[in-house]
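Given the sequences, and given the hints that come with them, work out the whole structure.
Sequences listed follow chains A and B, in order. Here the working numbering runs 611 ahead of the position in the first sequence, where the first position is 1. Here the working numbering runs 516 ahead of the position in the second sequence, where the first position is 1.
By construction, these hints were calculated from the structure, which means they are not laboratory data. Even for Gly, the Cβ is constructed at its ideal location relative to N, Cα and C. Heads up, a few of these hints could be off.
[Claimed, not checked] Taking lysine-lysine pairs in the DSS-like style, the calculated list, with each CA pair at most 27 Å apart, reads:
#1 A/855 <-> B/720
#2 B/645 <-> A/708
#3 A/663 <-> B/645
#4 B/650 <-> A/671
#5 A/773 <-> A/659
#6 A/671 <-> B/654
#7 B/645 <-> A/709
#8 A/781 <-> B/720
[Said to hold, decoys possible] Okay, the calculated bits of chain B under chain A, using three or more residues with CB under 8 Å as the criterion:
#9 533-542
#10 566-574
#11 618-632
#12 709-720
#13 739-748
[Stated by the list, open to error] Which chain A residues face chain B? A few, computed with CB under 8 Å, are given here:
#14 643
#15 656
#16 669
#17 728
#18 732
#19 733
#20 806
#21 841
#22 842
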Amino acid sequence: MASKKRKRVITDSDLTDLALLSVLNQACFNYERMQSIGFTASMGPALKKIYKNNPKVLAKVLNDNLEFINTHNTLLPYLQGLMLSLYEGGEDPETVKKIKISLFGPLAGIGDALFWFTLLPIMAGICASLSSQGNVLGPIVFFLVFFVAFLLRFPLAKIGYKTGTAALDKLQENTKRVSNAASVLGVTILGGLIATYVTLTVKTTIDIGHDATVNLQTDFFDKILPNILPFAFTFLIYFLLRKKVNTTVLIVGIIIISILFSFLGIL
Amino acid sequence: MEITLLQGIIITIVIMIIVVDRHLEALFIFRPIIVCPIVGAILGDLNTGLLAGGIVELAFAGIAGIGGASVPEALLTSVMTVVFAHITGNDVATSLALAYPFGVLMQFTWTIRNTAFTAFNAPAERYAKEGNVKGLMKLCFYGIVITMIITGILTFLSVYAAQAPLKAFVEAMPDWVINGFQVAGGLLPAVGFAMLLRVTLKGKYVPYLLAGFLFATFIQIDNVLPVAIMGVAFALMEYYRSGEKEPVTIKGGEESGI
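Below is the structure:
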C-alpha cells in the first residue's frame, strides 16, 4: 500500500486552496450519498499531490471518499486538513476512512449547534429587528458576521492539518461549555422574539348588555398577560413539532386556519 | 406596481447567482434578510425589501434543511414576499403568507433535484477509479449549473410571467381572505421559533426563555438588541459557572424536554 513517505508535500497554500475548494462540498448533493462528490473533489488536488507517484492508491483513496458523507460545511476543512495530514504521513487509507467515518457525524453536530441553532437565530433576531425599522445595517451586519464565519474555513484547514485528532477532543470539550452558554443566549433571545414578532390578536367582543361589550383581547387576555396568546401559540407549534408533525403541513395548516378564523371574525 | 421585463430578468440573474450560495451554504447571502432588500432595491423599493427581509428571516430562522431534511425554501419565499408586496401593495406579513406556496414549490423542485443528482454517483466512481480529479470537479460544476438553471426558470416564471394572474388572484380575494393571510403572516414566525425551541430548549433553559419573553413584553424596546445583551449576561454567568469545579451532579439527559 502507501509507501511510508514522511516528506511534506502539502504546503500552506495547498491548505488555503483546500479551504476555498471546500465550498464545493454540496455541489452534487443527493439523497443517496449526500455530499460525497463535492467532498472528494475538493480534496482532489491535494490528494493528487500526495499520491503523485502512486496512481493506484490515489484511485483507491478517491473512491473511498465517495462513500456517504454528511457533515457541516464550515467545519469541513478541519476534517479534510486532518485527513490530508494522515494520508501524507503514509497512514493506511483504510484507517483514515475509519477516522473520517467516526468524525463527520460529531462534527456535523457541533457545527449545527453552533451555526444553525445559535449564531443564525441570534443574528436573525438582532438584524431582523434592525431591518424591520428600515435600517440597512440589518443585512449589512448579518453579511459581515457570516463572512467572518466563512473565513474560519482557512484557519480550520490548517488546524486540522497540524494538530490532528487532539484538537477535536479539545474542540468537543470546549464546544460543550460554549454551546451551553450559547444556548442560554439563544433561548433568551427566542423569548424576546416570541414576544416581539409573533402576533395574535383576538377580535371577538362579547355583548354583556347595557350597551357594554367586553373585548376579549384588551379586556381579558391583555389583563392576564400581554403576548400570552403568541407565547401559547408558539408552544402549541412546539408540541406539534415534537409529535413529528411535518413542517410544511403545519405552515399550510396555519394559513388555512387563519383564513377560516378571519372569516368567522375571530382573528 | 408592475414588474418590468428588465426587472424580471435582473432579479432572475441575481437569484441564479445567489442560489449557488444557497446550494453550497458558504457565505449565507441566500438568507431572506439579504435577498429581500436586494430584490426590493431592484424593484426600486428598498424599504419594502428591508421590512420583508426582517419578517421572512424570522419566519425561517429555525427552518433549516439540516441533514437534507425537506423544508419550504426560504429563497423563493423571500423573492415572492417582496414581489407580492410590490405588485399588490399589501403589507409584508400578508405578502409572506401569500408567498409561502412558492417556497413549497421550490422545495418540491429541490427534492426532485436531490433525487436526480444520485445519477452523478456512477460517473463519479468511474472518475475516481481513473484518478481523474478534473472529472470530479466537472461533476461539481454540472451540479451547480443545473441548480442555477432550474432555479432561474422557476424564479422568472414566478416573478415575471405569473405576475398578472397572481395580481388578479389576490385582487379577487375578499377582504376576509386577505385578512386571513395577514393573520397567518403574524403567526408564521412562530413555526421558526418553535423549531429552534425544539432543538435548543431543555428544562434548565426555561427560566431564560421566560426572562427574555417578559423583558420584551413589558419593556418598550425598538429592537431585540437589549434582550440580546441580557442574554449575553446570562450566558456569561452560565459559562463561568460551568467552568467551576464540577460538583457531583446527576448528568441531565441529552433529551430536550420541559
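Against the structure, the hints:
{"no.": "1", "hint": "A/855 <-> B/720", "result": "holds (23 Å)"}
{"no.": "2", "hint": "B/645 <-> A/708", "result": "holds (17 Å)"}
{"no.": "3", "hint": "A/663 <-> B/645", "result": "holds (15 Å)"}
{"no.": "4", "hint": "B/650 <-> A/671", "result": "holds (16 Å)"}
{"no.": "5", "hint": "A/773 <-> A/659", "result": "holds (20 Å)"}
{"no.": "6", "hint": "A/671 <-> B/654", "result": "holds (19 Å)"}
{"no.": "7", "hint": "B/645 <-> A/709", "result": "holds (20 Å)"}
{"no.": "8", "hint": "A/781 <-> B/720", "result": "holds (25 Å)"}
{"no.": "9", "hint": "533-542", "result": "holds (count 4)"}
{"no.": "10", "hint": "566-574", "result": "holds (count 7)"}
{"no.": "11", "hint": "618-632", "result": "holds (count 5)"}
{"no.": "12", "hint": "709-720", "result": "holds (count 10)"}
{"no.": "13", "hint": "739-748", "result": "holds (count 8)"}
{"no.": "14", "hint": "643", "result": "holds (4 Å)"}
{"no.": "15", "hint": "656", "result": "holds (6 Å)"}
{"no.": "16", "hint": "669", "result": "holds (4 Å)"}
{"no.": "17", "hint": "728", "result": "holds (5 Å)"}
{"no.": "18", "hint": "732", "result": "holds (5 Å)"}
{"no.": "19", "hint": "733", "result": "holds (7 Å)"}
{"no.": "20", "hint": "806", "result": "holds (4 Å)"}
{"no.": "21", "hint": "841", "result": "holds (7 Å)"}
{"no.": "22", "hint": "842", "result": "holds (6 Å)"}
Comparing the model with each numbered hint stated earlier shows that all of them hold.
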